[in-house]
Amino acid sequence: MAIIILFTIGSSHPAPATTADAPPAAATAERPTTAKQATRKSAAASPAKATETAPEATSRLTSAQRNAVRSANQYLRMTGFSREGLIEQLSSSAGEGYDLADATVAVDSLDVDWNENAVRSAKQYLSMSGFSCKGLIEQLSSSAGEKYTVSQATFGARQAGACS
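In the numbering used here, the protein residues as written are 63 to 226.
If you are wondering where the hints come from, they were derived from the structure by calculation, not from laboratory data.
Where hints are given, some of them may not hold.
To be verified - The calculated lysine-lysine pairs, modelled on DSSO-like cross-linking and capped at a C-alpha distance of 30 Å, are: (1) K185 / K209; (2) K185 / K196; (3) K209 / K196.
Model, not experiment: these values are computed from the prediction.
Produce the entire structure from the sequences given, and follow the hints as far as they go.
The structure is reproduced here in structure tokens:
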């Protein structure tokens with residue numbers, strides 16, 4: 063028998079440890095889908111192309127930085143993030159709680175297309191609500207929003223179809 067161990071980022075409760083503990087497919091099909099689950103499903107359909115650093119470069123990272131790299135990759139598989147937004151998520155006490163320097167080194171060690179992430183974020187916003195081109199760029203680039211650069215936010219909004 064194979065044992066499958068799953069976990070959710072930010073959750074203190076592990077997922078079922080074995081397939082025998084998992085609910086039958088019919089039971090899960092009857093459950094209502096929450097907005098959070100829908101976001102995860104749509105993000106999973108188009109994962110970001112983040113790659114960890116080469117093994118020799120990873121070996122130069124501290125244990126905390128390697129853990130932060132793993133966390134960063136998990137976040138990038140779920141949804142679009144800006145560089146600053148991902149560092150904040152990793153270092154925030156409401157997020158992962160990594161040291162700011164460790165989070166920064168971890169994020170900077172990844173090969174991430176931030177423009178592609180801006181497109182993903184823009185598409186997610188447009189799927190939830192209507193935005194003008196200017197409003198979406200502001201949301202994506204705002205320090206209270208997603209924290210993309212204005213250039214990345216503009217690229218994301220245009221590629222997502224918010225700007226004609």
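Item to complete: Take a quick look at whether K209 and K196 sit within 30 Å of each other, Cα to Cα.
Response: holds (15 Å)
Fill in: Hint consistency between K185 and K196 [alpha-carbon to alpha-carbon, up to 30 Å]
holds (15 Å)
Worksheet entry | Pair hint outcome, K185 versus K209 [Cα-Cα no greater than 30 Å] | holds (16 Å)
Against the hints set out earlier in the document, no violation occurs for any number.
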